[in-house]
Amino acid sequence: DSGVTQTPKHLITATGQRVTLRCSPRSGDLSVYWYQQSLDQGLQFLIQYYNGEERAKGNILERFSAQQFPDLHSELNLSSLELGDSALYFCASSLRQEDYEQYFGPGTRLTVT
Amino acid sequence: GENVEQHPSTLSVQEGDSAVIKCTYSDSASNYFPWYKQELGKRPQLIIDIRSNVGEKKDQRIAVTLNKTAKHFSLHITETQPEDSAVYFCAASMRYGGSQGNLIFGKGTKLSVKP
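Chains Y and S, in that order, give the protein sequences.
Sequential numbering of the first sequence, starting at 1, is according to this note's numbering.
Sequential numbering of the second sequence, starting at 1, is according to this note's numbering.
These are calculated hints, taken from the structure and not from any lab test.
No experiment lies behind these values; they were computed from the predicted model shown.
Any given hint could turn out to be false.
Unchecked claim - Below, a list of computed lysine-lysine pairs in the BS3-like style, where the Cα atoms sit at most 27 angstroms apart:
| # | chain 1 | residue 1 | chain 2 | residue 2 |
| --- | --- | --- | --- | --- |
| 1 | S | Lys68 | Y | Lys9 |
| 2 | S | Lys114 | Y | Lys57 |
| 3 | Y | Lys57 | S | Lys57 |
| 4 | S | Lys107 | S | Lys42 |
| 5 | S | Lys110 | Y | Lys9 |
| 6 | Y | Lys9 | S | Lys107 |
| 7 | S | Lys22 | S | Lys110 |
| 8 | S | Lys68 | S | Lys42 |
| 9 | Y | Lys57 | S | Lys58 |
| 10 | S | Lys22 | S | Lys71 |
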């Protein structure tokens, strides 16, 4: 157990809908990273937050957005869902500001039907 | 941006043999290279990592080597066991603004260890 929690574990929804994925980092971690894992694209970085501020953006679609709250938990919002958005969504957090290691949560499996 | 290539995509070995997985990266500013093991349907788990100021690091049966000049790094697993069977991902990242940046992953290597 990495100490990073994610909810929900599974999510099944229809095309066009909107969902919110939640991540709680390890206690004391300031950075949260979101990754998408699909069969054809592998593990891809979406977005990073550091102490409440957006730090970096990867291949994140405009239909997707995220935020990190004052208690450091983060939410990833996916809207106007398409079949191709079906994937595993992981968040990861860094132990301390000066640390390198990222520890992953258990992921949320999103199925869009 | 950074690009990480990983080879081979699949690797099958006999129990007790060694396994080697290789990765190359494109951005010379990358300074941190972790390896993750992922079992089916589970989270990627950090198994070993190396920073750019180190050439080799060992942890029991696993080791990682880094060649900064050639921009490649490798994972070595000795005395493989069936429980080593999983998908292994290499990654690269760089540090900036006082915090570590995002990971750029290779496509993964599916390792099968046959008893």
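key: Hints not upheld, ascending by number   = Failing hints, ascending: 1, 2, 3, 8 and 9.
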